[in-house]
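Asker: Each chain is listed here by its residues.
Number of protein chains: 2
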Amino acid sequence: MKLTPRQEEIIRLVKEGQPVTSEALASKLGVTRAALRPDLAILTMIGILDARPKVGYIYSENPSRGLLYDYITNIKVKDIMGKPVFVDEETMVYDAIVYLFLNDVGTLFVQSDGYLIGVVSRKDFLKIAIGGTDIHKVPVGIIMTRMPNIICVQREESAYDVARKIIEHEIDSLPVVEKVVDDEGKEQYKIVGKISKTNITKLFVKLENE
Amino acid sequence: MKLTPRQEEIIRLVKEGQPVTSEALASKLGVTRAALRPDLAILTMIGILDARPKVGYIYSENPSRGLLYDYITNIKVKDIMGKPVFVDEETMVYDAIVYLFLNDVGTLFVQSDGYLIGVVSRKDFLKIAIGGTDIHKVPVGIIMTRMPNIICVQREESAYDVARKIIEHEIDSLPVVEKVVDDEGKEQYKIVGKISKTNITKLFVKLENE
Numbered sequence: 001m002k003l004t005p006r007q008e009e010i011i012r013l014v015k016e017g018q019p020v021t022s023e024a025l026a027s028k029l030g031v032t033r034a035a036l037r038p039d040l041a042i043l044t045m046i047g048i049l050d051a052r053p054k055v056g057y058i059y060s061e062n063p064s065r066g067l068l069y070d071y072i073t074n075i076k077v078k079d080i081m082g083k084p085v086f087v088d089e090e091t092m093v094y095d096a097i098v099y100l101f102l103n104d105v106g107t108l109f110v111q112s113d114g115y116l117i118g119v120v121s122r123k124d125f126l127k128i129a130i131g132g133t134d135i136h137k138v139p140v141g142i143i144m145t146r147m148p149n150i151i152c153v154q155r156e157e158s159a160y161d162v163a164r165k166i167i168e169h170e171i172d173s174l175p176v177v178e179k180v181v182d183d184e185g186k187e188q189y190k191i192v193g194k195i196s197k198t199n200i201t202k203l204f205v206k207l208e209n210e
Numbered sequence: 001m002k003l004t005p006r007q008e009e010i011i012r013l014v015k016e017g018q019p020v021t022s023e024a025l026a027s028k029l030g031v032t033r034a035a036l037r038p039d040l041a042i043l044t045m046i047g048i049l050d051a052r053p054k055v056g057y058i059y060s061e062n063p064s065r066g067l068l069y070d071y072i073t074n075i076k077v078k079d080i081m082g083k084p085v086f087v088d089e090e091t092m093v094y095d096a097i098v099y100l101f102l103n104d105v106g107t108l109f110v111q112s113d114g115y116l117i118g119v120v121s122r123k124d125f126l127k128i129a130i131g132g133t134d135i136h137k138v139p140v141g142i143i144m145t146r147m148p149n150i151i152c153v154q155r156e157e158s159a160y161d162v163a164r165k166i167i168e169h170e171i172d173s174l175p176v177v178e179k180v181v182d183d184e185g186k187e188q189y190k191i192v193g194k195i196s197k198t199n200i201t202k203l204f205v206k207l208e209n210e
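Respectively, the protein sequence lines represent chains A and B. So the first sequence is numbered by full-length UniProt numbering: it starts at 1 and just counts up by one. So the second sequence is numbered by full-length UniProt numbering: it starts at 1 and just counts up by one.
Note that these hints are calculated values from the structure, not bench results. Some hints here could point you the wrong way.
Note: identical chains are not told apart, hence a pair may lie in one copy or across any two.
Capping the alpha-carbon separation at 27 angstroms, the derived lysine-lysine pairs in DSS-like fashion look like this [as the list claims (entries may be wrong)]:
| no. | residue 1 | residue 2 |
| --- | --- | --- |
| 1 | K127 | K179 |
| 2 | K179 | K78 |
| 3 | K78 | K15 |
| 4 | K76 | K190 |
| 5 | K76 | K15 |
| 6 | K15 | K28 |
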């Protein structure tokens, strides 16, 4: 949004001498209090200024809070998720790493009968690769993180929720899943996408272009 | 920011029948045009509505553009950067990988005489680890990306600029550098921090809490 020169001047004056009363602002700007009222209303409303009764106006550090919050929580996982890359749990670690490079991803998802059973990351691969075992003879199933220890997200969660999970659990990439009940009445997860720090960083870049 | 019930109602009416003139809005809301003027001014100013002369008000899809833009471009690298982890170029790849795990990072920076000379990532390590060479006998200097092929950022650049570089160049982590001239009059870079997709994702989470 574009502020008017007078609004910018009001912000400057408040930053300089806060708290500042509307009387003081009016006299510094050489206008009446009534003339200032719309500007102060707008600046308070969008959160750039904070009006403290009987004290005056204070500059607020986080003017964009409300709109940002609305914006960020409105972006859903399904809007920014990417394509998952799969392997079977019988795939040998060496072959899985080659597949990782071929697809230029950092995480592989492991499924069985179309359901999520495991996740394996570049970090897991590096650990086994320097461990002295023969990675041509160890299957992915041995080193992967298994359900139910996998942090998942669903399509309708917000981008914000995902970012928080990524940071809290220190993960690079999460599977986007759909909960289904299989033929035996057991709850299972179908992988419908993946979402990573890269997707969040891309979203951040996109925010600026909107 | 919090909109008033009347402002919310105006937005709803505009979304429904855009373009909508101020006369039409006033009559639907049962108030005078003069009474609506402050609300329309605020909604237009913060970018939720767009006023088209002689046509009426239109709903804008990206209400937060201006504030978001200001906010994001105001956050500097120095506000969100993390601590870099260093190795020498003579460090053997195996030892460097162990060091990577010990420090729980994804990228190591290589310096010589206090200046940046290289960068090596988990991806580089994984590639050499499965390549069949003895990683106990290959130094980091052989596999690292060398100056001047390293994408750097400076403390005063915006978080947005960094996110853009990370996406454009497909890198996980960038060194934050300070340009200096060494004793021989040569331009060098001192590493003062690092910034990664993790820092951007953390910032994203922080945005919501602000």
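Asker: If a hint holds in the structure, say so; if it does not, say that too.
Answerer: Hints versus structure:
1. K127 / K179: neither (31 angstroms within a copy, 36 angstroms between copies)
2. K179 / K78: within (15 angstroms within a copy, 42 angstroms between copies)
3. K78 / K15: between (41 angstroms within a copy, 23 angstroms between copies)
4. K76 / K190: within (18 angstroms within a copy, 40 angstroms between copies)
5. K76 / K15: between (37 angstroms within a copy, 20 angstroms between copies)
6. K15 / K28: within (14 angstroms within a copy, 41 angstroms between copies)
Of the numbered hints listed earlier, the single one contradicted by the structure is hint 1.
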